[in-house]
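Chemist: Chain by chain, the residues:
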Amino acid sequence: MPDLAGIKAEAKRLLREGIVEVVLAFKASDSPLHPQPAFFRSEDEIDQLIYNGLCANNLARYLTRLPKQTKLAVVARGCETRSVNALIVEAQKKREDLFLIGVPCEGIIDWRKIIGHAGENSQLEAENEDQVRVRAGDSIFSLARADLLHESCRRCVHRNPISADIVIGEPVQEQGPENQEDFVNGFRAKTLEERYRYFQQEAERCIRCYACREACPMCYCAECFVDHIAPRWTESGATPAGTQGWHIVRAFHQAGRCTSCGACERACPMDIKMTWMTEKLNRDMREKYNFECGMDAQTKPPFATVTLDDKQRFTAGGSH
Amino acid sequence: MSAKPKIVLFQCQWCLFAPADQEWVDQRLPQHIHLTKTPCTGRINPLFLLNAVQGGADGIMICGCLPEQCHFKTGNIAARRQLEEFGDFLDSLGYDQKRIRFVWLDLQDRGVIQRELAAFEAELEAIGPTTHLATRVESVQGGAHA
Chain A
869 MPDLAGIKAE AKRLLREGIV EVVLAFKASD SPLHPQPAFF RSEDEIDQLI YNGLCANNLA
929 RYLTRLPKQT KLAVVARGCE TRSVNALIVE AQKKREDLFL IGVPCEGIID WRKIIGHAGE
989 NSQLEAENED QVRVRAGDSI FSLARADLLH ESCRRCVHRN PISADIVIGE PVQEQGPENQ
1049 EDFVNGFRAK TLEERYRYFQ QEAERCIRCY ACREACPMCY CAECFVDHIA PRWTESGATP
1109 AGTQGWHIVR AFHQAGRCTS CGACERACPM DIKMTWMTEK LNRDMREKYN FECGMDAQTK
1169 PPFATVTLDD KQRFTAGGSH
Chain B
-19 MSAKPKIVLF QCQWCLFAPA DQEWVDQRLP QHIHLTKTPC TGRINPLFLL NAVQGGADGI
41 MICGCLPEQC HFKTGNIAAR RQLEEFGDFL DSLGYDQKRI RFVWLDLQDR GVIQRELAAF
101 EAELEAIGPT THLATRVESV QGGAHA
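So the protein sequences, as listed, match chains A and B.
Residues in the first sequence are numbered consecutively from 869, following our numbering.
Residues in the second sequence are numbered consecutively from -19, following our numbering.
I should point out that these hints are in silico values taken from the structure, not numbers from a laboratory.
A few of these clues could be false.
[Stated by the list, open to error] Incomplete in silico selection of chain A near chain B, CB under 8 Å:
no.: 1; residue: L1060
no.: 2; residue: F1067
no.: 3; residue: F1093
no.: 4; residue: A1109
no.: 5; residue: Q1112
no.: 6; residue: G1113
no.: 7; residue: A1123
no.: 8; residue: L1149
no.: 9; residue: V1174
We put the CB at the ideal spot given by N, CA and C, even for glycine.
Take the sequences, apply the hints, and build the full model.
Modeler: What follows is the structure in C-alpha cells.
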C-alpha cells in the first residue's frame, strides 16, 4: 500500500526548501473513481494530494506542458519514471530540473471493472495489494485486485520506479515477462484475415477525439500529423481510412518510444484496444535491437541511431 | 487474376546509375506500376507507404542504394530500419509483409530493376489482390468525399 503521508511529507519538504517550484501529482476530482492530475505550487495545497490505485494518467505527460526550465517534482510510478527517461533522451527536459518521488506501483485499477462489479456510484474505500474494498450506496464489495487491474498493468514488468531520487514505500514484487509474451504471441498466431478483422473492428469505433494522444507522454509534437492541413496526410473525418490511418501512425510513431504504460487505452472513451499495436512494436525493439525504452536517460531509440552494424539488411538486388 | 496487380514503386533518384535503366523507369514503366521518385530512400516517410496501402496498392517496391553508396552518406541507413519495421507492423494489422519489398541496388547493376519488378509482379499475382487496409475513398470532383 502506498505511503500517502510519506509522499505528502516529501512534497512539502521539496516546496518548503525551494528545491522545486511545482509538484505534479493527483488530487480528488468530482468523480470518485477519477482522481485528476494536479499541479501543486504551495505547501498548503499539498493537503489535497491523493494517491491510490485509481490514478490512471501518466503524469510524465505534463512535463512538456510547463516551461522547459521549471523545476518540477513528479510522483512517479515505474512507467512514469521510464517515460521521464524517454523524454530526457529526446531533450524535452533536463534531469537536473526534475525530482522524481518514486512510488512502487501495485497496478492501476480499471474503473470500468469496478463499475462492472459494483455498479455506478461506487467509491473506493480501501485497497491493498490483494484486495480492493468498494462502497456502492449501502453495500460494500470486497474484490480481488488482480481482477480489477488494467490490462497493461497486468502485463507490466517494471512496477518499481527506475532512477527515482527517492523511493517512498517498500518495493513491490516484479512480474515476469510471461503475460507480455503471451499477449503478443496471441496476436502473432492469428491469420492475416483475423488480424485485419480485429484491427478493423477496433478502429471503426474511433471517434477521432484524440484522447489517446492527449494522454500519451510521448505525444508532444507541436503539430500532430492529423492536424496538418496541407499536405493532408490522412482523411480527417471518422471514416475507415481516417480512423485506421490515425491508429496505425499513432502507434508507429511510438516505435522505440513507448513505455507500455497504457495511458492511451485508459483514456479512450470508446474502449478501443490499442496497446496490442505498441506492444508488438516494443517487442520487436527488444528482439531486433535489444532496446527497451526508458531504462536509462542516455540510450537513443533504434530509429534515431544511424549505424552500419546491421548491414545485412541490405543485400544487392534482393528483398530485405 | 485478370487485372495486373497495382504496384507502387518508390525509387531513390540516385540508385539507377545506368541511363538505360533510368530511362526505362521514367518513360516505359507499365501502366499498373505507379512511380514515385524521391531524392533518397531517407525521404520516404512511412506515411507515404500508408498512403499507397490505403489507396489500394497490391504491392510496394522500394528501391535505393546499398550502404556506403548513398548519395547523402546515411539517408538509406536512416530509412531502412524504419521502413522495414513499418512493413512488419502493417503485417500485424493484416497487410501481408510479402507485399512490401526492398531492392537495394549496386551502382554497377544493369537491368536489375526490370527483373526485380517482374519477379515481384509474378509473386503478387500468385498471392492475389488484397483489400486489406485499402479504405481510402476516391475524391470526387469538387474535393468532397463520396
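Chemist: Compare the structure with each hint and give your call.
Modeler: Hints versus structure:
1. Hint on L1060 of chain A holds. Least Cβ distance to chain B is approximately 5 Å, under the 8 Å limit.
2. Look at F1067 of chain A: its Cβ gets to within about 5 Å of chain B, closer than 8 Å, so that hint holds up.
3. For F1093 of chain A, the interface hint holds, since its Cβ comes within 8 Å of a Cβ in chain B; the closest pair sits about 7 Å apart.
4. Annotation: interface hint on A1109 of chain A holds; nearest CB of chain B at approximately 4 Å, less than 8 Å.
5. Residue-level restraint check for Q1112 of chain A holds (minimum Cβ-Cβ distance to chain B is 6 Å; threshold 8 Å).
6. Proximity of G1113 of chain A to chain B holds as hinted, the smallest CB-CB distance being about 6 Å (cut-off 8 Å).
7. The beta carbon of A1123 of chain A is positioned within 8 Å of a beta carbon in chain B (closest approach about 6 Å), and the interface hint is therefore held.
8. Because the smallest distance between the Cβ of L1149 of chain A and any Cβ of chain B comes to about 6 Å, under 8 Å, the interface hint for this residue holds.
9. The criterion of a C-beta within 8 Å of any C-beta in chain B is met by V1174 of chain A, whose closest approach is roughly 5 Å, and the hint holds.
No hint from the list above goes unmet by this structure.
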